[in-house]
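Protein chains in written order, with the numbering used here: chain A, 1 to 490; chain B, 1 to 480; chain C, 1 to 95.
Treat the hints with care, as some may be off.
Lysine-lysine pairs mimicking PhoX-like chemistry, simulated, CA-CA at most 20 Å apart [stated by the list, open to error]:
(1) B:Lys334 to B:Lys413
(2) B:Lys132 to C:Lys83
(3) A:Lys338 to C:Lys83
Treat the hints as calculated values from the structure; they're not laboratory data.
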Amino acid sequence: MEPTELSMLELGKKLASGELSSVEAVRACLARVDRLDGEVKAFLRVDREGALAQAEASDRRRKDGKRAGLLDGVPVGLKDLFLTEGLPTTAGSKILESFIAPYDGTVVKLLRAAGTPILGKLNMDEFAMGSSTENSAFFPTRNPWNLATSPGGSSGGSAAAVASRMAFGALGTDTGGSIRQPAALTGIVGLKPTYGRVSRFGVVAFASSLDQVGPMTRDVPDCAALLQTIAVHDPCDSTSAPAKAPDYFAELEAGVKGMKLGLPREYFELPGMDPEVRAAVEGATRALQKLGAELVPVSLPHTRFALATYYLIAPAEASSNLARYDGVRYGLRSGEGKNLLAMYGHTRDEGFGLEVKRRVMLGTYALSAGYYDAYYLKAQKVRTLIKKDFEDAFRTVDAVLSPTSPTPAFRIGEKVSDPLAMYLNDVFTLPCNLAGLPGMSVPCGFTRANLPIGLQILGRPWDEARVLRIGRAFEREHDFHRRTPPLGAA
Amino acid sequence: MSVADFQPVIGLEVHAQLLTRSKIFCGCSTEFGAPPNANTCQVCLGMPGVLPVLNEKVVEFAVRVGRALECRINPVSIWARKNYFYPDLPKGYQISQYDQPLCQHGGLEIDTDDGPKRIRILRIHLEEDAGKNVHDAGGGESLVDLNRSGVPLIEIVSEPDIRSSTEASEYLKALRDVLVYLGVNDGNLEEGSFRCDANVSVMPKGSTKYGQRVELKNINSFRFVQKAIDYEIERQVRRLEEGGKIAQETRLFDAVKGETRSMRSKEEAHDYRYFPEPDLPPLRIPPGYVERIERELPELPRAKLQRFVTSYSLPAYDAKILVGDRALADLFEKVEAVYGGPAKKLANWFTGELLRLLKEDSAQLAALRFTPEQFAALLKSVDGGELSNNAAKDVFAEMFRTGRAPMDIAREKGLIQVQDAGAVEAAVDAVLAANPDEVEKYRSGKKQVLGFLVGQVMKAMKGKGNPALVNAALKAKLGD
Amino acid sequence: MSLTLEEVRHVAGLARLSLSAEEETLMRTQLSAILDAVDELSRVDTSAVEPTSHAAGDVSPWRTDDVRPSFPPEKALGNAPAKVGTSFAVPRIIE
Numbered sequence: 001m002e003p004t005e006l007s008m009l010e011l012g013k014k015l016a017s018g019e020l021s022s023v024e025a026v027r028a029c030l031a032r033v034d035r036l037d038g039e040v041k042a043f044l045r046v047d048r049e050g051a052l053a054q055a056e057a058s059d060r061r062r063k064d065g066k067r068a069g070l071l072d073g074v075p076v077g078l079k080d081l082f083l084t085e086g087l088p089t090t091a092g093s094k095i096l097e098s099f100i101a102p103y104d105g106t107v108v109k110l111l112r113a114a115g116t117p118i119l120g121k122l123n124m125d126e127f128a129m130g131s132s133t134e135n136s137a138f139f140p141t142r143n144p145w146n147l148a149t150s151p152g153g154s155s156g157g158s159a160a161a162v163a164s165r166m167a168f169g170a171l172g173t174d175t176g177g178s179i180r181q182p183a184a185l186t187g188i189v190g191l192k193p194t195y196g197r198v199s200r201f202g203v204v205a206f207a208s209s210l211d212q213v214g215p216m217t218r219d220v221p222d223c224a225a226l227l228q229t230i231a232v233h234d235p236c237d238s239t240s241a242p243a244k245a246p247d248y249f250a251e252l253e254a255g256v257k258g259m260k261l262g263l264p265r266e267y268f269e270l271p272g273m274d275p276e277v278r279a280a281v282e283g284a285t286r287a288l289q290k291l292g293a294e295l296v297p298v299s300l301p302h303t304r305f306a307l308a309t310y311y312l313i314a315p316a317e318a319s320s321n322l323a324r325y326d327g328v329r330y331g332l333r334s335g336e337g338k339n340l341l342a343m344y345g346h347t348r349d350e351g352f353g354l355e356v357k358r359r360v361m362l363g364t365y366a367l368s369a370g371y372y373d374a375y376y377l378k379a380q381k382v383r384t385l386i387k388k389d390f391e392d393a394f395r396t397v398d399a400v401l402s403p404t405s406p407t408p409a410f411r412i413g414e415k416v417s418d419p420l421a422m423y424l425n426d427v428f429t430l431p432c433n434l435a436g437l438p439g440m441s442v443p444c445g446f447t448r449a450n451l452p453i454g455l456q457i458l459g460r461p462w463d464e465a466r467v468l469r470i471g472r473a474f475e476r477e478h479d480f481h482r483r484t485p486p487l488g489a490a
Numbered sequence: 001m002s003v004a005d006f007q008p009v010i011g012l013e014v015h016a017q018l019l020t021r022s023k024i025f026c027g028c029s030t031e032f033g034a035p036p037n038a039n040t041c042q043v044c045l046g047m048p049g050v051l052p053v054l055n056e057k058v059v060e061f062a063v064r065v066g067r068a069l070e071c072r073i074n075p076v077s078i079w080a081r082k083n084y085f086y087p088d089l090p091k092g093y094q095i096s097q098y099d100q101p102l103c104q105h106g107g108l109e110i111d112t113d114d115g116p117k118r119i120r121i122l123r124i125h126l127e128e129d130a131g132k133n134v135h136d137a138g139g140g141e142s143l144v145d146l147n148r149s150g151v152p153l154i155e156i157v158s159e160p161d162i163r164s165s166t167e168a169s170e171y172l173k174a175l176r177d178v179l180v181y182l183g184v185n186d187g188n189l190e191e192g193s194f195r196c197d198a199n200v201s202v203m204p205k206g207s208t209k210y211g212q213r214v215e216l217k218n219i220n221s222f223r224f225v226q227k228a229i230d231y232e233i234e235r236q237v238r239r240l241e242e243g244g245k246i247a248q249e250t251r252l253f254d255a256v257k258g259e260t261r262s263m264r265s266k267e268e269a270h271d272y273r274y275f276p277e278p279d280l281p282p283l284r285i286p287p288g289y290v291e292r293i294e295r296e297l298p299e300l301p302r303a304k305l306q307r308f309v310t311s312y313s314l315p316a317y318d319a320k321i322l323v324g325d326r327a328l329a330d331l332f333e334k335v336e337a338v339y340g341g342p343a344k345k346l347a348n349w350f351t352g353e354l355l356r357l358l359k360e361d362s363a364q365l366a367a368l369r370f371t372p373e374q375f376a377a378l379l380k381s382v383d384g385g386e387l388s389n390n391a392a393k394d395v396f397a398e399m400f401r402t403g404r405a406p407m408d409i410a411r412e413k414g415l416i417q418v419q420d421a422g423a424v425e426a427a428v429d430a431v432l433a434a435n436p437d438e439v440e441k442y443r444s445g446k447k448q449v450l451g452f453l454v455g456q457v458m459k460a461m462k463g464k465g466n467p468a469l470v471n472a473a474l475k476a477k478l479g480d
Numbered sequence: 001m002s003l004t005l006e007e008v009r010h011v012a013g014l015a016r017l018s019l020s021a022e023e024e025t026l027m028r029t030q031l032s033a034i035l036d037a038v039d040e041l042s043r044v045d046t047s048a049v050e051p052t053s054h055a056a057g058d059v060s061p062w063r064t065d066d067v068r069p070s071f072p073p074e075k076a077l078g079n080a081p082a083k084v085g086t087s088f089a090v091p092r093i094i095e
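Bound conformation, chain A alone (with noise of 0.2 Å):
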């Protein structure tokens, strides 16, 4: 068997007994990556020498008799844009491709601590604004299930490593969707943690009220393991929870019997859902419903207004965080700059992409003189409502189930050129990150081409270990998330 074919807690125990080693695992990683990355293009760098040798001081620490826990030595990769010292961290953008991060995030310190190789760093849209990693500056990752679509974004280079099995597991980020879409449309589970659950220090801002790093895994207890690693309160992050996260492993095989799981009437009711999404979906329920949950319709009034929230909040709050980006200190400087601000104004026009310039000018105007109550403001307050509609159906039920996609993978190019089109990827999963809410998706299906298709559970403000249990029901009795692409299935 080959080592890829473990998932993260697998290769863990033989790890623990010696049955294998660290370095040979991230060696059979990298053979993965040189077989296949040269096609689904999920790295933007690969750090060969920085996971051998993490790899041997985890081999060490294992002959010490001193294991940091059940996943030192498992390989990870990480979404580029977590700051790893003395690694590039460029986002997906040019504006910092020759940025060496001076330091590491939290995220990234619990990780070295707990002993897991890092890989390297993955493709992703451009400063996270995208549902497809077309926007990378440097090139598209390809969705391993068939090489001419796309793996979603923003995280679609950490969603496709994982799915390919180049790496056992991957850490994301998700403001309006970009773990959970692009783990549905590659079958793999992604959770987006509540807000405030792990931190963001260290973590190149995009929106800062919406984003949140999350686990990208094969299944729901290796996401589980990497949840409970990361999940730690962070002094050097306001907003991070001072509570300390539970044992995610407490209950996830206590199954779903008498459970209350929502069905939101507004979801299943969205024009232009793929009849196969549909589908699958709505059998996941039914088979939810024969483990022992009740299917509950809820409904969520203000479900319809979310996009447009999230296309106020998040480009506003982005203009803000990329202004950062002026050529002053580190990244980019144009040569075209004769005076301050010609600099800065082609070094920004030069270093962003089309979708992060389209971005930052929206919320630019959201926020300007005469438009911040209209448009900013006004939004805020619809959030607001937006929130208030999940407390109110979490009086009646214990979790919220829907699709995560309206369609499967689709075609690279298809898109790209209709922002509209685009920002409709994300309808099921941007009012859970405008709520602040647990979410994640699982593998729940297959269209007749192949492609995969997610489940999203949606739970309560820090019942992740609902959501995992809920999921991990699901998964103990399906096989959808064993699948692995045709692609290096030879």
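Starting from the structure of chain A, add chains B and C where the hints point.
Okay, now just chains B and C, sitting in the frame of chain A:
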């Protein structure tokens, strides 16, 4: 029409750096004078991925100022981003407060020709300082030093209650004194730790409608405050008299030319696109926090001044000098408590000898070598006649330099006056016996020879006779 | 269209983006379409609603006033596009 027909209306905005050890949102040192960018980290450099964490001391200092200036402390206040591009602003926004600042609606009393006047304070809020942009003389470049980026500031905004440049100057001095007294700021206008912008407008006397205000920046000494404001008032009056309008603009004070001129050809006012800072939750003041800070407030300059005048019967002039430095005032009270004599006498020593010596030596009160007890003893010895005033000044200078006891110094220098009545009498007898003609002259009405006789006695006593005793003994023996 | 070219230029100025003429035109079209789409928010009654200005809960985290080590100059200036000594160098502002 002239300046006299117009009423100036002035509001002042003060930005004061807070004397915390570390910056407002990161742990870098706030110490002045380090090499460029030596006190920076990823946070205050505005690198990707960084987040702010509030320094608790900043809140404490700000609440202290807020209560000292009689403001309401808002239990919840909001951080906001003020967005603009400048090389010394690393994030491209400044974290400040906009809606819902920390403190509101206070006031500060100042002295004017018409008596005390309360200048209302509209608001006080917290924000981070920017770095420094220095124009490189040779290169055609600017050099950016971010050591100052992230140093905590409070911004104190007055209502437009100020009506003259003198009042403005008084307000700034009074405000500066309060901040220095509270230990939150070093009051240094020249070094930039205490900065002032003025909003100046004029309206016809008797009118209630304010004119168009102009913002004045770059006022970096107390001297210039009055000059800048006076110039601007005249400029506006002249313009209005010529039939022109006052443009809404920002003007810089040119200290060399003594005039204000328009800043940058920028047509538009900045659009700062303020919005609530998502990386910082609202600032919540815990219950009991404000009360605790209030209990720990020191006596403020104005209250101390009034107390010094009434309790110590000191003239306002003297009291002002003593109260101008909290440590000086404290020392005065310590010494007076031991001395117990007329406070004015002690005050003279403070405003005269002590301040002179401190200045000459560029010394700090904190490093004073002698004790309050010693100082009191010195004064008592003058009162008691053991030392003449001049001798005491000598002794004091030595005390200041060495911290030795005054009488030890006096003894060593042979400055102690002879008080012994017998010795004086004996000397007087001897002189009178040796100068019969002068005795005759004195007794026949030529009183001015007393001076000569006193001199002779002093000579015989080698200068150590207590002049008062000598005088009295001579007169008595001469039969006066 | 919701946006005029003048407005596009104004916003680009605020955002310090030197857009080419083609980009300006494209922005005008696309941003106008997006603004039209978000305009539906105006139909929502939010008269009695508070904005969600802060996503995190009821926390007011403070840190103690302790000095922590700063970056050594190599780190602070390690990615600087231009420097003079330990200062960042930038082109001058035209007054």
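Verification of the hints:
| no. | hint | result |
| --- | --- | --- |
| 1 | B:Lys334 to B:Lys413 | 28 Å, violated |
| 2 | B:Lys132 to C:Lys83 | 15 Å, holds |
| 3 | A:Lys338 to C:Lys83 | 16 Å, holds |
Checked against the numbered hints above, the structure breaks only hint 1 and satisfies the rest.
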